[in-house]
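Undergrad: The whole structure should be built from the sequences, with the hints applied where relevant.
If you use the numbering used here, the sequence shown corresponds to residues 22 to 903, in order.
Derived from the structure by calculation, the hints contain no laboratory data. Just so you know, not all the hints are guaranteed correct.
Derived SDA-like pairs (lysine to any residue); straight-line CA-CA distance at most 20 Å [as the list claims (entries may be wrong)]: (1) 899 with 889; (2) 390 with 214; (3) 692 with 732; (4) 848 with 901; (5) 216 with 783; (6) 116 with 67; (7) 383 with 351; (8) 438 with 545; (9) 236 with 89; (10) 848 with 811; (11) 399 with 382; (12) 193 with 817; (13) 888 with 839; (14) 390 with 78; (15) 236 with 271; (16) 307 with 337; (17) 736 with 711; (18) 216 with 227; (19) 390 with 178; (20) 328 with 287; (21) 641 with 624; (22) 390 with 90; (23) 310 with 83; (24) 555 with 545; (25) 899 with 872; (26) 555 with 566; (27) 328 with 365; (28) 641 with 618; (29) 390 with 179.
Distance ranges between label pairs, derived from CB positions [said to hold, decoys possible]: (30) 812 with 337: 53 to 61 Å; (31) 303 with 619: 42 to 50 Å; (32) 157 with 93: 27 to 35 Å; (33) 619 with 548: 40 to 48 Å; (34) 101 with 559: 52 to 60 Å; (35) 101 with 656: 44 to 52 Å; (36) 887 with 656: 22 to 30 Å; (37) 436 with 619: 38 to 46 Å; (38) 145 with 656: 36 to 44 Å.
Virtual Cβ for every residue (Gly too), placed ideally from N, Cα, C.
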Amino acid sequence: MRSNTLYTVFLFCILLVTSCTSQKDTYMNRLYHNTTAKFNAYFLALDKIREVEANIESEYEEDYSQVLPVFYPIDSTVIESNNEALMQARDLASKAIDWHRISKWVDPSYYLLGKIDYFQGNFDEAQNTFKYLNVNSKQKEVRHLSLIGLLRSFIDLQKFDDAVYVMDFLSKESGISDENRFLLYQTLAYYYEAKGETDMVAPALFRALEFAEDKRAISRMNFILGQLYQQAGLDAVAYEYYQKAITGSPSYERTFFAVLYSQQVAELGKSKDLRRVRSYYDDLYKDRKNLEFRDVILYEKALFEYKQSEKEESIRLLTLAAKEPTENRRQKGYIYEKLADIYLQDYNDFLTTKYYLDSAMKQFREGDKNYEVLAARKEIFDQYALNFELIQANDSLISLSRLSPEQQEAYVDDFLKKEEERLIQEAEMQRNKKPSGIFDNLLASAGGGGSGTSFYWENPSAMSQGAIEFNRVWGNRPLTDNWRRSARGFQESPNTDNSQDAGIQSISEDQEMTSAMAALNLPDRQSLLSRIPKDQATIDRLVDEMEDANFNLGKLLFFDLKDPHRSISYMETLVNEYPGTLKKPEAYYTLYLANKELGQDFGQYVSLLNKEFPESQYTKSVNNPESVSGTQANFESSQNYAAAYRLYQTGNYQDSRELVRNTLNSYPLTKNTDRLLILDIMNTGKLGNLEEYRIKLENFLLNASDPELINLARKMLDGVGGGEEQDDAMADAAHDREEEPEKTTEVGNGDTEEAAEEQIYRVNESQTHVFILAMEPSTAAESKNLTADLEKFHSTNFPNDRLRTGTIALDRENTIVIISPFSNYEKARVYRDQFLNSFNTENLPEEAKLSSFVISIENFQQLNRRKDLEEYRTFFRKSYNN
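TA: Next comes the structure, spelled out in structure tokens:
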């Protein structure tokens with residue numbers, strides 16, 4: 022009996038040893054390799070990848086003030102910190118392939134390798150792996166996963182045409198598992214999110230929810246849908262999805278925001294019981310569970326108060342919100358940004374707006390959604406502050422320079438005495454008001470819009486702004502010798518961003534007094550006296566700086582800040598106080614535009630331009646107000662310039678000059694104006710009229726703004742008569758520049774109604790399109806079988822396109838039926854042609870069919886806002902030849 026047992030064990034061992042080979046394809050071999058590959062190498066590799074995915078999720082800081090992203094963004098720093106886990110996963114997946122070649126886990130292990138490459142940013146390797154599996158794998162599950170991985174990588178790289186191809190391919194696949202369908206529709210939502218087609222994100226998430234099983238993922242998608250519907254103004258639907266988001270064991274943070282936002286859309290936004298609404302926010306604030314969200318609660322209450330036109334209360338609440346200790350840097354950024362918006366929109370206070378934008382920018386990083394927009398706004402206000410404060414400072418210094426030395430010393434002594442008294446008063450206030458700092462200094466100075474005294478040292482607003490700038494650069498340093506030394510601390514204790522915003526930490530009363538005085542860091546008596554100019558050359562330089570600053574502010578206020586009233590003030594100061602300014606033609610032109618916009622008399626500036634600068638392009642522009650401007654003018658003038666320059670190079674100077682002058686008359690002010698003018702001067706020189714050549718060069722130097730062309734004109738004027746040197750210089754100046762797509766309208770282009778109208782809708786044939794059938798509500802009610810007939814039409818003519826039909830009320834007069842989606846215009850056009858030729862249903866007028874159209878998602882958003890069907894139909898017929 023014992024021998025039989027030994028024999029059985031021996032036989033089993035033999036079979037086990039022989040099954041270890043990865044070459045022999047027998048049942049025992051496959052069983053062994055399938056078992057060991059799945060539960061050893063593959064399982065461990067998959068576990069490591071799931072660990073990395075969990076870390077990506079946990080390390081991401083959700084921004085609930087914005088619509089949450091469909092997928093958690095992959096941060097390179099998180100991947101770097103998880104590199105060891107990914108390398109272990111790569112090693113294990115490779116072993117599953119090398120050691121178990123006949124197992125059915127080889128292809129899944131290859132997929133894991135592709136996923137690891139994707140995480141590490143090796144997109145080429147990842148895509149090659151996914152493509153290989155799609156072609157060679159016999160496992161549908163793996164093939165579909167690989168195609169979805171390929172789709173996501175194309176979206177990341179913004180290769181949307183390739184992404185559409187993969188989506189079309191997947192739409193024809195059968196046998197896709199529920200788990201893969203969930204991932205597929207989630208990736209489809211990510212595709213629309215990446216393209217900025219937010220209207221299409223929700224339908225894709227709906228489909229994803231049909232196949233979702235993970236409760237946390239379901240909760241998050243419901244929250245996103247709530248945000249999307251709240252953003253669209255559909256509060257009732259948003260409330261439903263916020264309530265759904267609370268289920269599924271979400272984090273406390275998401276639960277808090279779901280409850281907060283659901284109350285907003287259900288009650289707070291509509292309730293007339295203001296006391297109850299305010300009490301709701303106060304109760305949230307008092308709840309100790311919400312300590313880390315107090316800044317959010319105050320921010321949301323401030324928004325509510327602002328809607329009730331309680332501006333001062335809104336500012337007070339935002340101030341308190343900014344002082345709340347928090348780790349949510351972006352929320353603090355939104356608080357400062359909202360303060361900037363209030364001071365801009367309600368007080369027209371550009372200076373205070375600038376400093377709040379500074380504070381906001383410190384809280385955002387380059388990867389945040391609104392970073393680029395905020396940075397562009399800040400640049401404009403930076404320029405305003407730079408020029409505004411320069412005028413104040415220079416004007417003060419010039420005024421002081423006119424005093425005698427004794428009067429200057431007396432003034433400085435009086436100034437220092439007053440400042441010392443003020444600082445002592447502020448220090449006394451600090452004894453009773455602990456939370457203080459740079460933020461309060463800013464609030465104390467806000468609201469004036471730069472009004473009040475213009476004398477810098479007597480202007481508390483300007484002095485406070487200086488205190489802010491000092492604190493930003495140097496920190497809150499005590500008054501001591503050699504305070505600039507980098508080795509010295511900003512204080513004896515560290516000063517973080519949060520402590521700077523929330524207020525100075527608790528310190529002794531003596532230290533509070535020192536901190537209050539250090540906030541302005543008054544210079545000593547001698548340093549103040551040394552700033553006062555002592556010679557005429559210095560005064561002239563300050564005057565020149567003020568001249569430029571007035572001109573810059575006049576342009577900035579009209580073209581960027583849309584404040585023609587203040588623009589007129591600065592431009593009138595320029596032409597009246599600096600009558601010899603070289604910028605007078607452009608100043609007259611800006612005054613012409615600003616007065617015209619305000620409906621005031623602008624004829625005087627037309628007369629002044631014609632009288633004083635008859636050859637100026639600004640004069641030609643006001644004399645020809647119907648001239649084409651904007652992008653079209655820039656393109657046409659660029660084409661004509663290139664043709665004229667070729668004529669110049671071949672010696673056809675007369676033809677070149679004629680083309681240049683025709684172009685300047687047709688398009689007086691474009692980004693090519695200076696180049697055309699210098700080419701006209703060169704043609705004049707070649708044709709032998711040296712006096713006219715010299716005069717034109719002098720006039721060009723008075724009004725040109727391009728540094729390269731100004732330098733060229735000076736060289737040409739120094740050696741009147743031209744020559745090869747000027748031709749070479751012109752060639753360099755002209756052809757070193759590549760034409761770029763027009764992004765902004767430059768100064769002097771003239772914002773005509775035509776240009777504004779052209780920007781409402783844009784042709785983008787590669788964007789996703791939808792088909793629109795518009796009709797009166799009564800017609801829609803009579804066409805009871807319309808939806809059913811459309812479904813039959815789709816199943817017959819477009820069986821593989823998975824088209825969806827929806828109906829919404831555009832306004833009281835129009836109901837629209839929407840057929841979607843079409844990945845580009847061409848597919849939408851084919852659908853419309855087929856619809857016009859073969860679709861029939863009862864009670865649908867022929868004119869409704871003929872007036873149907875297709876529209877890109879971007880343009881549909883505009884149409885939905887403007888509610889003007891005929892306006893879009895006009896654009897559609899003109900742009901798509903329909």
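Undergrad: Each hint should be assessed against the structure and marked as holding or not.
TA: Hint check:
1. Simply put, residue 899 and residue 889 have alpha-carbon atoms about 16 Å apart, close enough for the 20 Å limit, and the pair holds.
2. Distance restraint check for residue 390 and residue 214: the Cα-Cα separation of roughly 12 Å lies within the 20 Å cut-off, and the hinted pair is therefore satisfied.
3. Note on residue 692 and residue 732: the hinted pairing holds, with a Cα-Cα distance of about 18 Å set against a maximum of 20 Å.
4. Of the supplied pair hints, the one linking residue 848 and residue 901 holds, its CA atoms being roughly 13 Å apart against a limit of 20 Å.
5. A hinted pair counts as satisfied when its Cα atoms are at most 20 Å apart, and residue 216 with residue 783 qualifies at roughly 15 Å.
6. A hinted pair counts as satisfied when its Cα atoms are at most 20 Å apart, and residue 116 with residue 67 qualifies at roughly 13 Å.
7. Restraint check: the Cα-Cα separation between residue 383 and residue 351 comes to about 9 Å, which is no more than 20 Å; the hinted pair holds.
8. Of the supplied pair hints, the one linking residue 438 and residue 545 holds, its CA atoms being roughly 12 Å apart against a limit of 20 Å.
9. As the CA atoms of residue 236 and residue 89 are separated by approximately 17 Å, the hinted pair is consistent with the 20 Å bound.
10. Distance restraint check for residue 848 and residue 811: the Cα-Cα separation of roughly 17 Å lies within the 20 Å cut-off, and the hinted pair is therefore satisfied.
11. A threshold of 20 Å between alpha carbons decides the hint, and for residue 399 with residue 382 the separation of about 8 Å falls inside it, so the pair holds.
12. A distance of roughly 16 Å separates the Cα atoms of residue 193 and residue 817; the hinted pair therefore holds under the 20 Å criterion.
13. Taking the CA atoms of residue 888 and residue 839, the gap is about 15 Å. The hint holds against a cut of 20 Å.
14. The straight-line distance between the Cα atoms of residue 390 and residue 78 is roughly 18 Å, inside the 20 Å bound, and the hint therefore holds.
15. About 8 Å separates the Cα atoms of residue 236 and residue 271, which keeps this hinted pair within 20 Å; it holds.
16. Restraint check: the Cα-Cα separation between residue 307 and residue 337 comes to about 18 Å, which is no more than 20 Å; the hinted pair holds.
17. Using a Cα cut-off of 20 Å, the hinted pair residue 736 and residue 711 holds, with the two alpha carbons roughly 15 Å apart.
18. Restraint check for residue 216 and residue 227: the C-alpha separation of about 18 Å stays at or below 20 Å, so the hint holds.
19. Under the criterion of a C-alpha separation no larger than 20 Å, the hint pairing residue 390 with residue 178 is consistent with the structure, at around 17 Å.
20. Taking the CA atoms of residue 328 and residue 287, the gap is near 16 Å; set against the 20 Å cutoff, the hint holds.
21. The suggested pairing of residue 641 with residue 624 holds, with an alpha-carbon distance near 14 Å, which does not exceed 20 Å.
22. Distance check on the hinted pair: residue 390 and residue 90 sit about 11 Å apart at the alpha-carbon level, within 20 Å; holds.
23. Restraint check for residue 310 and residue 83: satisfied, since their Cα atoms lie roughly 19 Å apart, inside the 20 Å limit.
24. Among the hinted pairs, residue 555 with residue 545 is consistent with the structure: their alpha-carbon atoms are about 19 Å apart, no more than 20 Å.
25. The hinted pair formed by residue 899 and residue 872 meets the criterion: a straight-line CA distance of about 14 Å does not exceed 20 Å.
26. The suggested pairing of residue 555 with residue 566 holds, with an alpha-carbon distance near 17 Å, which does not exceed 20 Å.
27. The hinted pair formed by residue 328 and residue 365 meets the criterion: a straight-line CA distance of about 16 Å does not exceed 20 Å.
28. Between residue 641 and residue 618, the direct Cα distance comes to roughly 19 Å. Compliance with the 20 Å bound is thereby established for this hinted pair.
29. A hinted pair counts as satisfied when its Cα atoms are at most 20 Å apart, and residue 390 with residue 179 qualifies at roughly 17 Å.
30. For residue 812 paired with residue 337, a C-beta distance near 57 Å keeps the hint of 53 to 61 Å intact.
31. Between residue 303 and residue 619 the beta carbons are some 45 Å apart, a value that agrees with the proposed interval 42 to 50 Å.
32. Here the CB-CB span from residue 157 to residue 93 is close to 31 Å, well matched to the stated 27 to 35 Å.
33. Roughly 45 Å separates the CB atoms of residue 619 and residue 548, a value that falls within the hinted 40 to 48 Å.
34. Look at residue 101 against residue 559: about 54 Å separates their beta carbons, and that is inside 52 to 60 Å.
35. Between residue 101 and residue 656, the C-beta spacing of about 46 Å keeps the proposed range 44 to 52 Å intact.
36. Between residue 887 and residue 656 the Cβ separation comes to about 27 Å, which falls inside the hinted range of 22 to 30 Å.
37. The beta-carbon spacing between residue 436 and residue 619, approximately 40 Å, falls within the hinted interval of 38 to 46 Å.
38. The hinted range of 36 to 44 Å is satisfied by residue 145 and residue 656, whose Cβ atoms lie roughly 37 Å apart.
Checked against the numbered hints given earlier, this structure breaks none of them.
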